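Participant: Please take these sequences and the hints and turn them into a complete structure.
Line by line, the protein sequences are chains A and B. Under our numbering, the first sequence has 292 at position 70, and the numbering climbs by one with no breaks. Under our numbering, the second sequence has 401 at position 172, and the numbering climbs by one with no breaks.
For the record, the hints were derived by calculation from the structure and aren't laboratory data. Some clues are possibly wrong.
Chain A residues, not near chain B, derived (Cβ > 10 Å throughout) [claimed, not checked]:
| no. | residue |
| --- | --- |
| 1 | Glu239 |
| 2 | Thr309 |
| 3 | Ile310 |
| 4 | Leu314 |
| 5 | Val316 |
| 6 | Asn317 |
| 7 | Lys364 |
| 8 | Asp367 |
| 9 | Leu385 |
| 10 | Ala387 |
What follows is a list of derived Cβ distance ranges for each label pair [claimed, not checked]:
| no. | chain 1 | residue 1 | chain 2 | residue 2 | range |
| --- | --- | --- | --- | --- | --- |
| 11 | B | Ala299 | A | Val368 | 19 to 27 Å |
| 12 | A | Thr305 | B | Pro352 | 56 to 64 Å |
| 13 | B | Leu342 | A | Pro393 | 48 to 56 Å |
| 14 | A | Lys251 | B | Pro352 | 49 to 57 Å |
| 15 | B | Ile326 | A | Arg406 | 52 to 60 Å |
| 16 | A | Arg313 | B | Ala292 | 26 to 34 Å |
| 17 | A | Val368 | B | Met331 | 38 to 46 Å |
| 18 | A | Arg403 | B | Ser324 | 46 to 54 Å |
Quick look at which bits of chain A chain B covers, simulated, 3 or more residues with Cβ under 8 Å [to be verified]:
| no. | region |
| --- | --- |
| 19 | 255-262 |
| 20 | 278-289 |
| 21 | 400-406 |
It should be emphasised that the depicted structure is a prediction, and the values quoted were computed from it without experimental measurement. From the three backbone atoms N, C-alpha and C, an ideal C-beta is built for every residue, glycine too.
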Amino acid sequence: MQFGCILQGLTMTRAEEQEMIRKAAAGDKDAAEACIRAHQQSLYAYMLRMSGRPDVAEDIVQEAFVRVLTNLHRFDDRYRFSTWLFTIAKRLYVNACQKHKPAYDSNIVGAWRGSSDGPDRVVWGDEVHDNTSSVLDWSLQKLPDVQREILILFHQNDWPIALIAQHLAMPQGTVKSHLHRGRRKLRTLIESREDLNSKVQETWI
Amino acid sequence: MQGDGGTTSSGSKRVLSEMELDRMVDAYFDRDLNINDRRRLFDQLSGKGGRCEDIARMQRILAQLRQPPAEIDIADEVIAQVANRRSFLSPAMRSAIRVGRMAVAASILLTLLGVVIVQRIAPDATGIINETTPVTSLMNNTGSELAQIRTSLEEVSERAAHVLLPQVNEIISRADHSVVVTVGIAQIDAPQIQPEPTLIMVPKPQLVVLSGAGDYSIGEIWDENDATGAMPQGFAPRSAPALTQRKTLENRAVALELTSRIDGKRTYPVPYYVEYFQAGSVPVSFDSEIVSGVLRLISRTSEAPKISRDHH
Numbered sequence: 223m224q225f226g227c228i229l230q231g232l233t234m235t236r237a238e239e240q241e242m243i244r245k246a247a248a249g250d251k252d253a254a255e256a257c258i259r260a261h262q263q264s265l266y267a268y269m270l271r272m273s274g275r276p277d278v279a280e281d282i283v284q285e286a287f288v289r290v291l292t293n294l295h296r297f298d299d300r301y302r303f304s305t306w307l308f309t310i311a312k313r314l315y316v317n318a319c320q321k322h323k324p325a326y327d328s329n330i331v332g333a334w335r336g337s338s339d340g341p342d343r344v345v346w347g348d349e350v351h352d353n354t355s356s357v358l359d360w361s362l363q364k365l366p367d368v369q370r371e372i373l374i375l376f377h378q379n380d381w382p383i384a385l386i387a388q389h390l391a392m393p394q395g396t397v398k399s400h401l402h403r404g405r406r407k408l409r410t411l412i413e414s415r416e417d418l419n420s421k422v423q424e425t426w427i
Numbered sequence: 230m231q232g233d234g235g236t237t238s239s240g241s242k243r244v245l246s247e248m249e250l251d252r253m254v255d256a257y258f259d260r261d262l263n264i265n266d267r268r269r270l271f272d273q274l275s276g277k278g279g280r281c282e283d284i285a286r287m288q289r290i291l292a293q294l295r296q297p298p299a300e301i302d303i304a305d306e307v308i309a310q311v312a313n314r315r316s317f318l319s320p321a322m323r324s325a326i327r328v329g330r331m332a333v334a335a336s337i338l339l340t341l342l343g344v345v346i347v348q349r350i351a352p353d354a355t356g357i358i359n360e361t362t363p364v365t366s367l368m369n370n371t372g373s374e375l376a377q378i379r380t381s382l383e384e385v386s387e388r389a390a391h392v393l394l395p396q397v398n399e400i401i402s403r404a405d406h407s408v409v410v411t412v413g414i415a416q417i418d419a420p421q422i423q424p425e426p427t428l429i430m431v432p433k434p435q436l437v438v439l440s441g442a443g444d445y446s447i448g449e450i451w452d453e454n455d456a457t458g459a460m461p462q463g464f465a466p467r468s469a470p471a472l473t474q475r476k477t478l479e480n481r482a483v484a485l486e487l488t489s490r491i492d493g494k495r496t497y498p499v500p501y502y503v504e505y506f507q508a509g510s511v512p513v514s515f516d517s518e519i520v521s522g523v524l525r526l527i528s529r530t531s532e533a534p535k536i537s538r539d540h541h
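Facilitator: Here it is as structure tokens:
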């Protein structure tokens, strides 16, 4: 493979990215494959945190790449490829939400519990199982969509504030406000959840 | 961090208010602080255990958020899907496919347009029977429907014969000035055969030479479609002597044998009913019988054809 081993995510320069896209648009399968491998993990992580559902996230990521690669000739190289890709993925996610509201799966790698498990429902077995990742994901899902998305893009995907503002079409100051509020709320939610977990553990002991 | 009152890197060592400290902590997590601002923040935090613990806790949460939740590799599946959509084709091939698709779409539209036009012009031509017909009713109706069809076809062929006959006689007269040939039309009425209700013979008017000489033999027959070409179809003149001596049939039974229409391998209804037309005359009816695969026509009435176009 020509690009896959050396170009991973944000380590790719703008010129390298444009060259790769140009080749992929001309029908170079290796370049297309490199393009996918360079962005699939970050996009999947973003979608997984957003939806809380591995199956939904994987479907959306796959469809987003298919759409992007079949429409590469429409890509405007004045923008970053990742912005375009994430925008398409987000639109797919919004459409999927409108069709069937994704039910949050607090255990990312586990089985889906189903939509009847609302965030306020206490599932004792899972509470005893102290899974910090599960608490984080649960707390993320409790955040408003825009705060969750900004937190994920900034802290997980390392997007700069300016890029997030462009992606969400909002001023940078607004992005920062959401970011600050989201962080505080996330910590509060996690603490309340962990506090509940510890109380449950004490009860069981 | 710029513009945050009293907290710039060149600022004094005054103690920041809680609100200012909150802002600075936010800026720290926003990665907006340079190295000097960070040092100032940590200086301000010294001795504030609760604050330090909050920041450390937030750092742990954000570090956890930074952890990739899972990994996937969908490159092969995506490439396969994209290849299925023919996205890895050259621009020329892509445009060719596009033109092809447009051509197919255009042809479909034209076909639909044609159907719509035909339906407008002749609504019955494209009618579709929605109801299924039971086999029994189909069998019951077949006979009467076939009879109606046959009657309609007879009427059409009769009209055609009356229109055609004078013209054919005229053509033959012009072709051979020395010999006048009279042509009549024999029409075979083929009733339905009971064992085979679907078999029907369509009456077909045929031109028959009644009198004359030269290249035209008495009893020769032309297909009405080929009348101008005067192609003999083999109406065998076996009883020709009875006709050659007279220009008319003159109240006598005339037997003509029609061999060209008889196919030994097929079943023919018996008896045939033959009507014999002549230009400007009344029809003469013939009975018929099949003897050894040969259809024999016998005049059954005493009425004589009145030939109105005797050019002698």
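Participant: A separate judgement is required for each hint: does it hold in the structure or not?
Facilitator: Status of the hints after comparison with the structure:
no.: 1; hint: Glu239; result: holds, 17 Å
no.: 2; hint: Thr309; result: holds, 18 Å
no.: 3; hint: Ile310; result: holds, 13 Å
no.: 4; hint: Leu314; result: holds, 14 Å
no.: 5; hint: Val316; result: holds, 21 Å
no.: 6; hint: Asn317; result: holds, 18 Å
no.: 7; hint: Lys364; result: holds, 14 Å
no.: 8; hint: Asp367; result: holds, 16 Å
no.: 9; hint: Leu385; result: holds, 13 Å
no.: 10; hint: Ala387; result: holds, 13 Å
no.: 11; hint: Ala299(B) <-> Val368(A): 19 to 27 Å; result: holds, 24 Å
no.: 12; hint: Thr305(A) <-> Pro352(B): 56 to 64 Å; result: holds, 58 Å
no.: 13; hint: Leu342(B) <-> Pro393(A): 48 to 56 Å; result: holds, 54 Å
no.: 14; hint: Lys251(A) <-> Pro352(B): 49 to 57 Å; result: holds, 55 Å
no.: 15; hint: Ile326(B) <-> Arg406(A): 52 to 60 Å; result: holds, 55 Å
no.: 16; hint: Arg313(A) <-> Ala292(B): 26 to 34 Å; result: holds, 30 Å
no.: 17; hint: Val368(A) <-> Met331(B): 38 to 46 Å; result: holds, 43 Å
no.: 18; hint: Arg403(A) <-> Ser324(B): 46 to 54 Å; result: holds, 51 Å
no.: 19; hint: 255-262; result: holds (count 4)
no.: 20; hint: 278-289; result: holds (count 5)
no.: 21; hint: 400-406; result: holds (count 3)
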